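Asker: Here's the letter readout for the chains.
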Amino acid sequence: QKEVEQDPGPLSVPEGAIVSLNCTYSNSAFQYFMWYRQYSRKGPELLMYTYSSGNKEDGRFTAQVDKSSKYISLFIRDSQPSDSATYLCAMSPTGNQFYFGTGTSLTVIP
Amino acid sequence: NAGVTQTPKFQVLKTGQSMTLQCAQDMNHNSMYWYRQDPGMGLRLIYYSASEGTTDKGEVPNGYNVSRLNKREFSLRLESAAPSQTSVYFCASSRLADTQYFGPGTRLTVL
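Protein sequences, first through last, are from chains X and B. Residue 47 in my numbering is what sits at position 47 of the first sequence, and the numbering runs on without skipping anything. Residue 1083 in my numbering is what sits at position 83 of the second sequence, and the numbering runs on without skipping anything.
By construction, these hints were calculated from the structure, which means they are not laboratory data. Keep in mind that a hint or two might mislead.
Claimed, not checked - Now the in silico label distances, taken between C-beta atoms and shown as ranges:
#1 B:THR1054 x X:ILE109: 46 to 56 angstroms
#2 X:THR24 x B:THR1054: 27 to 37 angstroms
#3 B:ASN1028 x X:TYR39: 21 to 31 angstroms
#4 B:GLY1016 x X:TYR39: 19 to 29 angstroms
#5 B:GLN1017 x X:SER12: 38 to 48 angstroms
#6 B:ARG1107 x X:LYS2: 23 to 33 angstroms
Stated by the list, open to error - Straight-line C-alpha distance at most 30 angstroms; calculated DSBU-like pairs for lysine-lysine:
#7 X:LYS2 x X:LYS67
#8 X:LYS67 x B:LYS1071
#9 X:LYS70 x X:LYS2
#10 B:LYS1057 x X:LYS2
#11 X:LYS56 x X:LYS42
#12 X:LYS70 x B:LYS1071
#13 B:LYS1057 x X:LYS67
#14 B:LYS1057 x B:LYS1014
#15 X:LYS56 x B:LYS1009
#16 X:LYS70 x X:LYS56
#17 B:LYS1009 x B:LYS1057
#18 X:LYS67 x X:LYS56
#19 X:LYS42 x X:LYS2
#20 B:LYS1071 x B:LYS1057
#21 X:LYS2 x X:LYS56
#22 B:LYS1009 x X:LYS42
#23 B:LYS1071 x B:LYS1009
#24 X:LYS70 x B:LYS1014
Said to hold, decoys possible - Sample of chain B residues at the chain X side, in silico, Cβ under 10 angstroms:
#25 ALA1050
#26 SER1094
#27 TYR1101
Since this is a predicted model, take the numbers as computed values, not measurements. From the three backbone atoms N, C-alpha and C, an ideal C-beta is built for every residue, glycine too.
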């Protein structure tokens, strides 16, 4: 079983839709939770970071962590064509070793 | 401020050849990382360096060696390349556990 599971999609939504992206994990020691966005042929860039459980909001993006269910989510409100990318979740128990999901490919159609 | 730079951008090797991937950061970060990204596998950690002078194995270290030359530079060496090492390689750096900054990647093909 992989440490982090993420549905690869692809996911296709109309502009303005709310997008929900999810990851599940098996290691209860994970404390650091991150979401990255990766455009084609580019390096990942950090979108959201959460330590332990709870919600965090930044503009159109909201990250949620439910440690009891070992489940994290990223919500994108009012999605834009520029949000079209691959979204990667990442987790770490210590802040040194990071475990990534395989990524979900998102396309926002104008 | 260039952030994280990687060289080369592309490389084609024959099986058994050796090469070194170079990475440098200008953000004064303590920690640096090497990942490989393969379709359906996501990003997997090869090696990391929590500080200058230290290196540790990640999830997939076999076939690779690293050198933390100084605080700025962290290189990845393939001593005898194999087709299974065909991948996109990313270097990253971070000051704290929460934020990793990635380079643009090196696309390596081993024939």
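Asker: For every hint, state whether the structure bears it out.
Answerer: Here's how the hints hold up against the structure:
1. The given range of 46 to 56 angstroms is respected by THR1054 of chain B and ILE109 of chain X, whose C-beta atoms sit roughly 47 angstroms from each other.
2. Hint check: THR24 of chain X to THR1054 of chain B, Cβ distance near 32 angstroms, so the stated range 27 to 37 angstroms holds.
3. Checking the proposed 21 to 31 angstroms range against ASN1028 of chain B and TYR39 of chain X shows it holds: the Cβ atoms sit about 26 angstroms from each other.
4. For the hinted restraint 19 to 29 angstroms between GLY1016 of chain B and TYR39 of chain X, the CB-CB distance of approximately 34 angstroms leaves it violated.
5. One distance hint, 38 to 48 angstroms for the beta-carbon pair GLN1017 of chain B and SER12 of chain X, holds here, with the actual separation near 41 angstroms.
6. A hinted range of 23 to 33 angstroms holds for the C-beta pair ARG1107 of chain B and LYS2 of chain X, which are about 24 angstroms apart.
7. The hinted pair formed by LYS2 of chain X and LYS67 of chain X meets the criterion: a straight-line CA distance of about 17 angstroms does not exceed 30 angstroms.
8. Among the hinted pairs, LYS67 of chain X with LYS1071 of chain B is inconsistent with the structure: their alpha-carbon atoms are about 35 angstroms apart, more than 30 angstroms.
9. The hinted pair formed by LYS70 of chain X and LYS2 of chain X meets the criterion: a straight-line CA distance of about 13 angstroms does not exceed 30 angstroms.
10. Of the pairs offered as hints, the one joining LYS1057 of chain B and LYS2 of chain X holds, with about 18 angstroms between alpha carbons and a cut-off of 30 angstroms not exceeded.
11. For the hint linking LYS56 of chain X to LYS42 of chain X, the alpha-carbon distance of about 26 angstroms falls within 30 angstroms, and the restraint holds.
12. A threshold of 30 angstroms between alpha carbons decides the hint, and for LYS70 of chain X with LYS1071 of chain B the separation of about 36 angstroms lies outside it, so the pair is violated.
13. Proposed proximity of LYS1057 of chain B and LYS67 of chain X is supported: the alpha carbons are some 27 angstroms apart, at most 30 angstroms.
14. Distance restraint check for LYS1057 of chain B and LYS1014 of chain B: the Cα-Cα separation of roughly 26 angstroms lies within the 30 angstroms cut-off, and the hinted pair is therefore satisfied.
15. With a CA separation close to 35 angstroms, the supplied pair LYS56 of chain X and LYS1009 of chain B exceeds the 30 angstroms bound.
16. A C-alpha spacing of about 17 angstroms is found between LYS70 of chain X and LYS56 of chain X, which places the hinted pair at or below 30 angstroms, so the restraint holds.
17. Proposed proximity of LYS1009 of chain B and LYS1057 of chain B is supported: the alpha carbons are some 24 angstroms apart, at most 30 angstroms.
18. Between LYS67 of chain X and LYS56 of chain X, the direct Cα distance comes to roughly 14 angstroms. Compliance with the 30 angstroms bound is thereby established for this hinted pair.
19. Pair hint LYS42 of chain X plus LYS2 of chain X holds up; C-alpha atoms about 25 angstroms apart against a cutoff of 30 angstroms.
20. Of the pairs offered as hints, the one joining LYS1071 of chain B and LYS1057 of chain B holds, with about 18 angstroms between alpha carbons and a cut-off of 30 angstroms not exceeded.
21. For the suggested pair LYS2 of chain X and LYS56 of chain X, the alpha carbons sit about 26 angstroms apart, so the restraint of at most 30 angstroms is met.
22. As the CA atoms of LYS1009 of chain B and LYS42 of chain X are separated by approximately 11 angstroms, the hinted pair is consistent with the 30 angstroms bound.
23. With a C-alpha separation of about 22 angstroms, the suggested pairing of LYS1071 of chain B with LYS1009 of chain B holds against the 30 angstroms cut-off.
24. The hinted pair formed by LYS70 of chain X and LYS1014 of chain B fails the criterion: a straight-line CA distance of about 43 angstroms is larger than 30 angstroms.
25. Because the beta carbon of ALA1050 of chain B sits about 6 angstroms from the nearest beta carbon in chain X, less than 10 angstroms, this interface hint is met.
26. At a threshold of 10 angstroms, the smallest CB-CB gap from SER1094 of chain B to chain X is about 9 angstroms, leaving the interface hint in force.
27. Because the smallest distance between the Cβ of TYR1101 of chain B and any Cβ of chain X comes to about 8 angstroms, under 10 angstroms, the interface hint for this residue holds.
The structure shown violates the earlier hints numbered 4, 8, 12, 15, 24.
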